[in-house]
Amino acid sequence: MPCLRFVLFLALLAGTSGCDLTASDTPDLAGSWAGSALLPNGFSASADLSQSGTTVGGTLRISGVFNPTDLSGDIDDLGRLSWTLQSGCERWSGILSLDESEDRMEGSINLDAGSCPDTRGASGTLRLERSTG
Numbered sequence: 001m002p003c004l005r006f007v008l009f010l011a012l013l014a015g016t017s018g019c020d021l022t023a024s025d026t027p028d029l030a031g032s033w034a035g036s037a038l039l040p041n042g043f044s045a046s047a048d049l050s051q052s053g054t055t056v057g058g059t060l061r062i063s064g065v066f067n068p069t070d071l072s073g074d075i076d077d078l079g080r081l082s083w084t085l086q087s088g089c090e091r092w093s094g095i096l097s098l099d100e101s102e103d104r105m106e107g108s109i110n111l112d113a114g115s116c117p118d119t120r121g122a123s124g125t126l127r128l129e130r131s132t133g
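Residue 58 in the working numbering sits at position 58 of the sequence shown; the count goes up by one each step and never skips.
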């Protein structure tokens, strides 16, 4: 019987060891951000984000690519921001990881231009730093 209790204890432990973000664990991404998008050429980028819990909204602008455009996103259990936006027939998306200081984000940026005539998809890196001014 002790062996069965140990197995049940391990099963209970495994079932409760999930890692969900609580409100206090969720990074605060609200505010202004600036940086660059490498697609593979470099473009300046800026974002103004708002946040409610793990849901993120706001605008993203990549100079020479698209004007400020509404984005939506969610922060996952690992603190990464998954985001999407629609600019005309182009669908942009990415996953950004926040550094330990919570002042820098970096990750993928992808263009799905499947419904755009004469436009190819692209992918690259988006880097943003929290604006302090």
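By construction, these hints were calculated from the structure, which means they are not laboratory data. Mixed in with the good hints there might be a few duds.
For each label pair, taking beta carbons as the anchor points, the in silico distance ranges come out as [unchecked claim]:
(1) 25 with 119: 35 to 41 angstroms
(2) 121 with 72: 17 to 23 angstroms
(3) 89 with 129: 28 to 34 angstroms
(4) 117 with 52: 26 to 32 angstroms
(5) 31 with 76: 18 to 24 angstroms
(6) 26 with 84: 31 to 37 angstroms
(7) 113 with 53: 27 to 33 angstroms
(8) 117 with 79: 25 to 31 angstroms
(9) 115 with 25: 34 to 40 angstroms
(10) 42 with 99: 30 to 36 angstroms
(11) 26 with 89: 15 to 21 angstroms
Quick caveat, the model's predicted, so the values are computed rather than measured. Cβ atoms here follow ideal geometry from the backbone N, Cα and C, with glycine treated the same way.
Evaluation of the provided hints:
1. 25 with 119: 35 to 41 angstroms: holds (39 angstroms)
2. 121 with 72: 17 to 23 angstroms: holds (20 angstroms)
3. 89 with 129: 28 to 34 angstroms: holds (30 angstroms)
4. 117 with 52: 26 to 32 angstroms: violated (37 angstroms)
5. 31 with 76: 18 to 24 angstroms: For residue 76 against residue 31, whose Cβ atoms are near 20 angstroms apart, the range 18 to 24 angstroms holds.
6. 26 with 84: 31 to 37 angstroms: Taking Cβ atoms as reference, residue 26 and residue 84 lie about 19 angstroms apart, which means the hint is violated.
7. 113 with 53: 27 to 33 angstroms: The hint (27 to 33 angstroms, Cβ to Cβ) holds, given that residue 113 and residue 53 are roughly 32 angstroms apart.
8. 117 with 79: 25 to 31 angstroms: Violated, at about 38 angstroms.
9. 115 with 25: 34 to 40 angstroms: holds (38 angstroms)
10. 42 with 99: 30 to 36 angstroms: Violated: the Cβ-Cβ distance is about 20 angstroms, outside 30 to 36 angstroms.
11. 26 with 89: 15 to 21 angstroms: violated (33 angstroms)
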